[in-house]
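Those protein sequences? They're chains A and B, same order as listed.
Be aware that the first sequence starts at 38, since it is given in our numbering, and climbs by one per residue.
Be aware that the second sequence starts at 372, since it is given in our numbering, and climbs by one per residue.
Keep in mind that the hints were calculated from the coordinates and are not lab data.
For every residue, glycine included, the Cβ atom is placed at its ideal position computed from N, Cα and C.
One or more of the hints may lead you astray.
Unchecked claim - Listed below are several chain B residues computed to face chain A (Cβ distance under 8 angstroms; list not exhaustive):
no.	residue
1	Asp441
2	Thr445
3	Leu452
4	Arg463
5	Ala464
As the list claims (entries may be wrong) - Derived DEER-like restraints, expressed as beta-carbon distance ranges:
no.	chain 1	residue 1	chain 2	residue 2	range
6	A	Lys114	B	Gly527	38 to 46 angstroms
7	B	Thr456	A	Asn157	22 to 30 angstroms
8	A	Ile395	B	Gly527	40 to 48 angstroms
9	A	Glu49	B	Ala491	18 to 26 angstroms
10	B	Ser872	A	Ser112	47 to 55 angstroms
11	B	Arg393	A	Pro368	12 to 20 angstroms
12	B	Ala491	A	Arg297	43 to 51 angstroms
13	B	Arg393	A	Arg401	22 to 30 angstroms
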Amino acid sequence: MPAFSGYQEQIEEIRKLGECLIDGEFIESPFDVPIEEERRGDPDQRDDDQNFPTGENLCISLEPDLVNGKKDVRSIKYIPRLIYFLDGSLRTKYLGEYIEGDRSFPILASEVSCAVVKKNNRLLEPHRIEKRLAFIFPHKDTGLIPDTTYEKLEELDKLWREKNTLLRIEFLKRGAQEIRDVRYSMQGKARDIMHSLEHEVAQGLVRGDDWLVMDGAIRKEEFLKLENTIGLAKSFSRKPTFDLGDGRPLMITSYLSRVRDGERSAVFKKEHEKVAFWYVRLRTYPPMEPLGGLVKVDFRLDEDELSDDMINLIDEISVEIYAFRSPSVYPHPRWPSFIYPIRLTEEIMKSSYINKEIMGYYGRELKRIIGGSKNDRT
Amino acid sequence: MTEHERNQEEYTPIGKTSSPFREPNTTNTFYFWVRQGIRVNPFDFIVAEQTDGSRTIGIVDEIFAYTDSDSHLTNYIGSELGQPTAEPYIERASAMVARAQVLRNMRDDGIEELYMPLPAERRVYFADENAIRSALGYDQILGTPIPAGLITQSNGATIPVFLDSDYIVGPEGAHANVTGISGLATKTSYLMFLIHSIYQRLENVAVIIFNVKHSDLLHIDEEPDDLTEQDRRMYHELDLEIRPFENVSYFLPRGQEGQPDSDEPPQNYQLYAYSLADCYDKLDLLFSEVPDPYHTMDAFIAHIQRYWDRGRVTFEYREGNQRRTATVATWNQLLNIPDTVIAQAVYGSRTHPTPPRIKRELRRLTSHSTFVDRRSSNEVYLGEAVRQNIQPTHISVVDIWRVHSRNWPFIIGDVMRNVEEMYRERDPSELPHLIIFMDELNTFAPAGEREPNPVTEQIIEIARKGRARRTALFGAQQFKSEVHKQVWGNCTLHIIGRTGSAELRTVPYGELDERTKNSILNLRQGEMVLSFRVWRYPIRVTFPKPPYRRPSR
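With the rest of the complex left out, here is chain B (with noise of 0.2 angstroms):
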């Protein structure tokens, strides 16, 4: 359709507003029946004109097929009698009949908005941009408009989706929260195209973001090879510029021999290792995962706490009658003392059964090349290499990939840590905004009964608090339901991509009404519907890829 078509198409009416008796309209709700030949879609924007002059913005949910047909009984008779090859000499009267949900009211003469119902009759069109903008309230934008994709019309209206700053990054709303099937619903390249648009439109925001899958999030500093003139098109409608990130820092797991233990890695990096002086305080995360039942780990860890001094934790023992001390540095020294020393300092006894379990925990935790016993110059403590790395227009890219999912938590949780760390020491005002983009959030902070764990608490913590720190946790999983509550009930965006009807009847959904819930579960790959706090109902919205190197697999 041309362009000169399809403004000819916006000012056409495509049907008129139907009130029958059965079905009348109501404040939340209209029906209109649709002009013959006129493609209509689930999450069309349409206008319809409302008695006063001013115009009601809804957004189609549900279509349905009318024909004067009584049963399915009169169709089979109809079809000599169940004849599936008889043709009918005429067809049927039908009609098609969309219901549209009301977004809202639009009038240019300052009266506040009108929401009685529509009558029948009332003339319908598609919605043009100055419609669909101010049924997504862009007038009462109270941040900066961030581009988050853009709203394709039936008639091949294209119009972007802005989002309200304010509500994404905070202060009146933060965090987004991306959900779908693996591969089908493009939940990181969703979540990182709008990264993007962050990083364009405003210039006081740091990212930190951690790659889970391969070397997918290790070269966005590089130039893109994979758009397709769509792609170059739609940034040019959302008027983003086609640039990969700057000021990257990427931050990859020493591996054996010092190099780096990632899939195709960048070309300037640094190595990330952890000594035991470096998690002496953070050693509840790295036993995040291990049961304790008895607090047995807690006491065990509390202790070395509270006797680290100066790069060193001491033990004292006694042997016969001589009070004696050990001294631990490394994660080896800690891995060869003796199970009565330890059961004797931290338990007061001397066959205490918890030091062996510590001892193999440990062993196993620390077991990746990443745990050292000394840092070389070159390798640098993670927590405190990303949060120097907090700074406006800094992205820091923490590759986790091949370090074993048991240390996941560890490696996540000291980062966040030392984050909240420094909001603790800082005014937040000083800081930029922050964005963290965590992928398999489940497994961080997993819902269920049991109490969170430290990992899982931090993350709360900043699903939280974020809004008024500034800090925004955008998360990505396969299911919803299987993230903490406090975290997916904290986020002012949900992004929902193709999604299976099992998931969509779980809890986090609730908001979303049947028929959104359909059109789910049939969105191709590249779309996505939003669920934005400040909405009055989801919408349907397509982007482009990221405009970074993505290394193909």
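Extracted from the complex, chain A is given alone in its bound form (with noise of 0.2 angstroms):
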């Protein structure tokens, strides 16, 4: 457990972070509690979007011969293998802007969460959480942030490390925010932040022969290290087309809206990648949208083609994945393709949610810091 996981310890280290700060002037948000960072699109379908790019996103069957492209998994009978269910959750707020001479960036603290909880039997039990709280900056080259206030806020976090704190100050990847808008940059890192959290935390698992599941899709290269694990994602990126083995590519939705209820999809790999994935249907009722009470799972594969075994344990995986439909989540928004031990992680990172009053508070104490000495030396 990180060391000052305490308000009052925190609040210490945050001046620090103030005393960085010092040389600038800091402009607090207008609101007395900081505004979260607006969420631009799904990013789980985003994450996914980044799969097909454009022109390459046609995903091949590795299962030509499967009647009609889909397979009834009701009645398989399976052993219980999915016992982790780790998910990651970001919040960011916006506490001001950071003006130095001519130069001036905005300063975002995100709370990076990671839980993990574990089924016993038929109970669900909290197994871990990881939090950051991280302070997003520019990086140095990009001109945005001076050399001297740079290196403090480097030997600052070092210091954080050293302690063990929740607390970390990072740096937006050497012309980041180039392409884009720096706040989104930074949200963005904020989002790389949490991936590097959640792997942090799978590869920490002791679990033997236990499957972990996580929230969204495992493409990145070091979640796809990971042993018995398979991604779970709820939103899903709607560029793919699928040859289902006749040369006809078929549009996600058309293909899709065939699978019902308690049935998968064929299994699809794209050529020369190591991820397999396919789809199933939780829900077909209440009417909803066709992609609706679908989730798609990653599942690395390193052949190019499905042994009897691997289809075996890929139809064990969809029927306890089905199984998992109950309870339900309803009213939440996506709630048919939400299964609940994912939606408990997501309440166990909410219940740690540093108080939004606390927030605003630290952005005080950075104003009363930075502005305050700039204030005296005048």
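If you follow the hints, you should be able to join the two separate chains into one complex; please do so.
Rendered as structure tokens:
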């Protein structure tokens, strides 16, 4: 467990952050309680979209003989193997704008969490939760931040890591803000931090033969190294087209609308990739949009063909995922394709969020340290 | 659960306080979630750690089963869209959250009690005996602690409950009232158990008991034959001896041929009977139930009282121009005196309509064999006999079961009036504490708008003044709402057995909150809820059967 989990101790560290920025001026967020940064689109879908760049979205079925390109898995017997469920969470607040001479950048505080729940027979129990509170700054090469300030921040981050606090200072990659708005880039960075934390937690799980279900896609290279792991995405790209073996590509909506409650799609793989994926329909009722009630399963597959054992495993995983549709998480907006253990990890992370009033206080404290010192000098 | 396990359990937290935004803890109430596998029930005493090292004692009044399910529809959908046989693959996160009413802040540093709300995340335990003693204010008892039952905690611990005698039999407060469904609520058993406790703890106490059911209370000086091991264990825990009452005098109504008119009479008894000479000044009690809108009956009663002299009453009347007198010494003589004589003597007119009515009522009211023209030497006048028996440790049991219920108010009213006279004549401090046990109290002191009859007035008088005179009325009835407000309103101890919901919605139960009322609906036989004026919240107790022979029926 990281040190300094209490607010009083955290505020001391926030003051140290203010000391690093003492050469500039801080314009506090106009709101008493910092506003959460707007999320643009569905991040899971956006992640998956990156797997299907334009012109490279045809997915080949590894089961060309599957009738109608789908399989009813409801009656298949299975050994319960999906035991661990991992999800990450991200909440980024805009604290204010930092100005130093003719340079300026926003200061965002990102709360990054990762939680794991474990299934013990029919009960779920919290297994692990990790948190970070990251302050994200531009890279020094961008010219947005003076070298001395950058160095002070680097030193502070080093100190925080040594003390094993949950506080972190992170810098954008060189050139990241050149292609996008800096605030948008900072949000992307926060998402990277979350994925790193997810990976760190997943890697640290001692789980023997038990399988891990991660929320979202597992295309990132580091996730592919995890054994007995699937990614389970309730939102996914609409870009792929599917070749079921007859050479006639099918659009995702027209194909998946065929897949009914309790059925899985064929298993697909893009050429030269290590990830196979398929879809499982959790629900078709009540009436919903064609891709509602579906989950996408990502699964590392080193071979280009499926053995019978592998097909059996995929069937068993599919039917176990189908079993997880109950209990439901209605009325969550995405309830038809949301499984309960992942929802529970979200709830666990939500319960550990820093109070919004406290976050506002952090911003005001930064203002007091940074702005107060400047006034003294003048 | 063994004692060792219980001890272990007492020092193991059973949960932690919780004070979310929407349901914050207050000075009076706090919430705590309950560790999985722990059984908690309403009326359990619990203790939570306060911020300053003191401990706050509470009593559980409600338990909520929370899940993260948003609505019933969520659950319906989660069960395969309404399939009752569907089993979810995993169980929802759920928690039992109990709400407790604050009873007291317990501390040993002499600083004033802390009633700031309990913050969240404070550990909660089952209360031990010390905590319960503190919560119920045993350190502030002014008189003698009277065992009143056992608290049974959900962890298996049983803890004796004590009442302050000064609040039961005076001088700080007095009177007890028990209510509940007939048969299920064990009202008589509880009051007799309590009287027995008082009898063992206070030496200077006398008791008057009216037996209104078969021979239920006609063997209270005989060894019990129905006590179970559990009853004996409870007596042991309460530190009470299992022995029947002593110094009991039974007063049985005279029946035909001078035999007792009682079910299964005890071995030793005295018969009671009423001659006109015993009752001439208490005829208002005899006629108490007879409507008298024009006070004509009153005039007759007043005449007898006024003209009673040396064992007879005189009626003056005129016959032609002659002034004559008629004297009456017995019930029979009174019933046979001509109507015109009464009409002239009392109402000044030969043709008054009341005398026939008086005689009709009198015939009806004195038809039982206990009304005699002359008492035999082995028959006593009840009022006087009971009065003489009001001595420390003496118990008078008056059987009225087989006497017609229309005579009950008279018999009880007569005893009460004699007690009242005794207090008027003597210094109350010379007299022992007196407990009067009266079942079916609603019959004698009914609720209602109409003016109280003489018997009701007698009971109200004791309810109002008893505290100072150290006289306590222990009443029982099925429906407290049918009892006069002055009678139940003056009680410091209210005992409620299982009672119907319609009754619980009435005014006399206004001090109980909804949760307590709901719990009362589910009380089992042998369980009572006690609401005592010095406590902040009612508690639930169990009690043993009273230790005397209870004839089986």
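Now for the hints, and whether the structure bears them out:
Interface restraint check for aspartate 441 of chain B: the shortest CB-CB distance to chain A comes to about 5 angstroms, inside 8 angstroms, so the restraint holds. For threonine 445 of chain B, the interface hint holds, the least distance from its beta-carbon to any beta-carbon of chain A being 4 angstroms, beneath 8 angstroms. A least Cβ separation of about 7 angstroms between leucine 452 of chain B and chain A falls short of the 8 angstroms threshold, and the interface hint therefore holds. For arginine 463 of chain B, the shortest C-beta to C-beta distance to chain A is roughly 5 angstroms, which falls under 8 angstroms, so the interface hint holds.
Hint status for alanine 464 of chain B relative to chain A: holds, with the closest Cβ pair at about 6 angstroms, below 8 angstroms. Checked against the hint of 38 to 46 angstroms, the pair lysine 114 of chain A and glycine 527 of chain B passes, with Cβ atoms roughly 44 angstroms apart. Range check, threonine 456 of chain B to asparagine 157 of chain A: about 24 angstroms between beta-carbon atoms, so the 22 to 30 angstroms window is met. Between isoleucine 395 of chain A and glycine 527 of chain B the CB atoms are about 43 angstroms apart, so this pair conforms to the stated range of 40 to 48 angstroms.
Distance hint check for glutamate 49 of chain A and alanine 491 of chain B: the Cβ-Cβ separation is about 24 angstroms, which falls inside the suggested range of 18 to 26 angstroms. Under the hint 47 to 55 angstroms, the C-beta atoms of serine 872 of chain B and serine 112 of chain A, about 50 angstroms apart, fit the expected range. Between arginine 393 of chain B and proline 368 of chain A the C-beta distance comes to about 19 angstroms, which sits within the given range of 12 to 20 angstroms. Separated by about 47 angstroms at the C-beta atoms, alanine 491 of chain B and arginine 297 of chain A satisfy the suggested range of 43 to 51 angstroms.
Roughly 27 angstroms separates the CB atoms of arginine 393 of chain B and arginine 401 of chain A, a value that falls within the hinted 22 to 30 angstroms.
Checked against the numbered hints above, the structure breaks none of them.
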